[in-house]
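Novice: Starting from the known structure of chain A, fit chain B onto it as the hints suggest.
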Amino acid sequence: MRPIISIKDLRKSYGDFEVLHGIDLEIGEGEVVCVIGPSGSGKSTLIRCINHLEAFSKDSTIHVDGIKVERGKALAQVRAEVGMVFQSFNLFPHLTVLKNVMLAPMRVRGTKPADAARKARELLARVGISEQSDKYPEMLSGGQQQRVAIARALAMEPRVLLFDEPTSSLDPEMVGEVLDVMRKLAGTGVTMIVVTHEMGFARQVADRVIFMDGGRIIEAGTPGDIFDAPTQDRTRSFLRAVLNH
Amino acid sequence: MDIFTTFFNVPVLIRAFPLLISGLWVTLEIGITSIVAGLVGGMFLALLRLYAPAPMRAVAKIYTDFFRSIPLLVLLIIVYYALPFVGIRFSPFFSAVAALTLVSIAYTAEIFRAGIEAIPRGQFEASEALGLSYRPMMVDVILPQAIKVVIPPLTNNCINVIKDTALASVVAMPDLLKQATQAQALMANPSPLIGAAIIYVAFLWPLVTIVARLEKRFNVGRRP
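Protein chains in written order, with numbering that gives the first Met the number 0: chain A, 0 to 244; chain B, 0 to 223.
One or more hints might be untrue.
[Said to hold, decoys possible] Distance condition first, Cα-Cα at most 30 Å in a straight line; then the derived DSSO-like pairs of lysine-lysine:
1. Lys147(B) with Lys98(A)
2. Lys134(A) with Lys147(B)
3. Lys98(A) with Lys215(B)
4. Lys98(A) with Lys134(A)
5. Lys72(A) with Lys7(A)
6. Lys147(B) with Lys162(B)
7. Lys134(A) with Lys111(A)
8. Lys67(A) with Lys7(A)
9. Lys183(A) with Lys111(A)
10. Lys134(A) with Lys215(B)
11. Lys111(A) with Lys98(A)
12. Lys67(A) with Lys57(A)
13. Lys134(A) with Lys67(A)
14. Lys98(A) with Lys183(A)
15. Lys111(A) with Lys147(B)
Worth flagging that the hints you see were computed from the coordinates, not collected in a lab.
Next up, chain A with everything else stripped away, as it sits in the complex (with noise of 0.2 Å):
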């Protein structure tokens, strides 16, 4: 598997404050990543670097699709291929749904607004909010809206998808209706890198599982190697916590 992400001695400081402390890592095309550890760990920071939400040490590199992560012309480039979900959704609550989703499509691309809108349509029925094109984000639940969301992430039709703890702002009972759609689209070859706490998916889903604690990756292995036989005391005592609650 040839990297589509390549991550090198990545460092961040908020002010005198290191929060990551040179994390190397290298992600293939179409590899599905979960990230785990416990809050303030430096997992999301991490993601956050990758489409340069977060800038970053002069020093650290990273790579996506050969393209260099930096301020300036090819950031657009790197932001294209790369999509993002929120926690918190974050869709604009001043367009419709079907809106929301033709947006960038139009402005990024410059596609047609008609053609913008029946890719749009087939994104929504893929994550089952067909029904809702013509509502408003705020009339939708919580797990209807992270739906759209992810539609709206794969309108640019990335290459990348990051997702920043989608499930960790719904009710429970709505957990699962995401996660499905995640489950789906981990099948499609798209890469995506999934900070979670969603154990069960992670398992099940990722190819690899990283455990991130005070701002470094403590292991790294498929999701046999992390539940089952985890190396590290830190990994250890941390799923012991998580997943005897």
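Specialist: Chain B alone, transformed into the frame defined by chain A:
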């Protein structure tokens, strides 16, 4: 003389009416020109204040602070009576519009800035993550949301600008107030002043109630 012949003298009001109406036009001309110029300039200044390089941000801040501190009447008198001493001469209309606009830009910029800052960070991040560049992000995502937040305070500002046009009478501008004072002198009766007051209130009262209603509407059901 009873109160009606003094303040609500109908024959005097009828005679003064054409003057008052011509004054009203001048008032509206000054007011609307200043409001429109203030909106355009204010939006521009707000964007400078938020997103320009640091030195320009500082200039924008100094501008807003200065023009919110200076009394409008003082500014107007400087523009019209002081600048001619250094050879800069403006017409009364231009002086009035310039003074009103300079101040209105400062207030409008602060309103827009507050409106943009009220938009959650997630909206910017979602736009950026989708690859939108600055212009479509502002035009399609941020400003349409900010407009809703700023409509009540902007309407308030419009009311203030229209009220402040009355100051133009000190630079010999034949606005509503000036015409009323002239009619009063001419007819030796203050009814035209009352007539002018009634016209101001009749114009602005609806706007005031609209602001109240808008503020209520945008506050009800507003999400955190």
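Novice: Taking the hints in turn, state whether each one holds.
Specialist: So, going through the hints one by one against the coordinates:
no. : hint                     : result
1   : Lys147(B) with Lys98(A)  : holds, 19 Å
2   : Lys134(A) with Lys147(B) : holds, 19 Å
3   : Lys98(A) with Lys215(B)  : holds, 28 Å
4   : Lys98(A) with Lys134(A)  : holds, 10 Å
5   : Lys72(A) with Lys7(A)    : holds, 21 Å
6   : Lys147(B) with Lys162(B) : holds, 24 Å
7   : Lys134(A) with Lys111(A) : holds, 22 Å
8   : Lys67(A) with Lys7(A)    : holds, 11 Å
9   : Lys183(A) with Lys111(A) : holds, 28 Å
10  : Lys134(A) with Lys215(B) : holds, 24 Å
11  : Lys111(A) with Lys98(A)  : holds, 13 Å
12  : Lys67(A) with Lys57(A)   : holds, 12 Å
13  : Lys134(A) with Lys67(A)  : violated, 39 Å
14  : Lys98(A) with Lys183(A)  : holds, 24 Å
15  : Lys111(A) with Lys147(B) : holds, 28 Å
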